[in-house]
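Visitor: Sequence:
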Amino acid sequence: MSRFSHDDFDSLDDYGLYSLSDSLVDDYDDPFESLSVNGSVPTFDIGVNGSVDTLFSRIPNSDSNNISDDALKSMITDYYANTYINCSMYDKSIFYTLQAELLVKKQRYKEALGAALVAEEISGPSKVLDAIKMICMYQMNDDARFQELKERFASTGFSGLSSTLKQQAIGTIQVSNFIPEFLSCLERLKGSSQHS
441 MSRFSHDDFD SLDDYGLYSL SDSLVDDYDD PFESLSVNGS VPTFDIGVNG
491 SVDTLFSRIP NSDSNNISDD ALKSMITDYY ANTYINCSMY DKSIFYTLQA
541 ELLVKKQRYK EALGAALVAE EISGPSKVLD AIKMICMYQM NDDARFQELK
591 ERFASTGFSG LSSTLKQQAI GTIQVSNFIP EFLSCLERLK GSSQHS
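Residue numbering for the sequence shown follows our numbering, beginning at 441 and increasing consecutively.
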């Protein structure tokens with residue numbers, strides 16, 4: 441004979457242990473499962489309140505071809521100040537690293553760079569964060585930092601990255617190598633058509 445009656449199991453449902461709210465599923469673009477039933481699930485779409493979208497107005501335009509150190513420092517402060525509430529019950533380093541990788545996937549490079557810089561400030565440098573920063577620096581036209589990170593990956597390789605991040609990092613490097621050759625080819629074609 442069982443020590444528990446059917447009524448005992450029905451009372452557990454009062455705590456919501458048998459089913460999670462469907463509203464949790466609606467919080468994400470990608471399918472995630474809840475890690476616990478007694479805590480809230482972090483929101484990875486950080487643009488919902490609209491305040492983060494204006495944080496990066498201090499970053500120079502692409503004509504300067506370099507992001508200032510002051511702008512990077514302010515990105516860390518601003519990004520953390522606007523997102524710390526979402527990660528208060530989670531490992532901050534993992535939270536910001538995951539957030540940065542998701543933002544790179546969504547092509548939100550300024551926010552991804554902010555999240556990567558916060559994660560690096562908390563836990564120190566890592567290959568994952570370097571890959572995210574390399575992709576973001578290329579997309580934001582910071583050539584000097586991009587070349588430095590690109591050379592680092594040329595010597596260390598891409599082991600330890602998720603398959604998606606590895607593909608994006610390799611693709612970014614391939615595009616960065618292809619574009620100058622393509623532009624040079626266009627210049628030669630333009631020059632040869634003018635001489636004809």
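Among the hints, erroneous ones may be present.
With a Cα cut of at most 27 angstroms, we get these calculated DSS-like pairs of lysine-lysine [what the hints assert, rightly or not]:
#, residue 1, residue 2
1, K590, K630
2, K590, K606
3, K532, K545
4, K567, K546
5, K550, K513
6, K567, K630
7, K545, K590
8, K546, K606
9, K513, K590
10, K567, K590
11, K567, K550
12, K567, K606
13, K532, K606
14, K630, K606
15, K550, K532
16, K545, K513
17, K532, K513
Derived CB-CB ranges, DEER-like [unchecked claim]:
#, residue 1, residue 2, range
18, I534, H635, 56 to 62 angstroms
19, T596, H635, 27 to 33 angstroms
20, K630, Q607, 31 to 37 angstroms
21, S632, S599, 17 to 23 angstroms
22, D509, S563, 19 to 25 angstroms
23, T517, S603, 30 to 36 angstroms
24, A511, Q634, 39 to 45 angstroms
No lab work stands behind these hints, which were simulated from the structure alone. Backbone N, C-alpha and C fix where the C-beta goes; we use that ideal spot for every residue, glycine too.
Visitor: Which numbered hints does this structure break?
Guide: 1, 6, 14, 19 and 21
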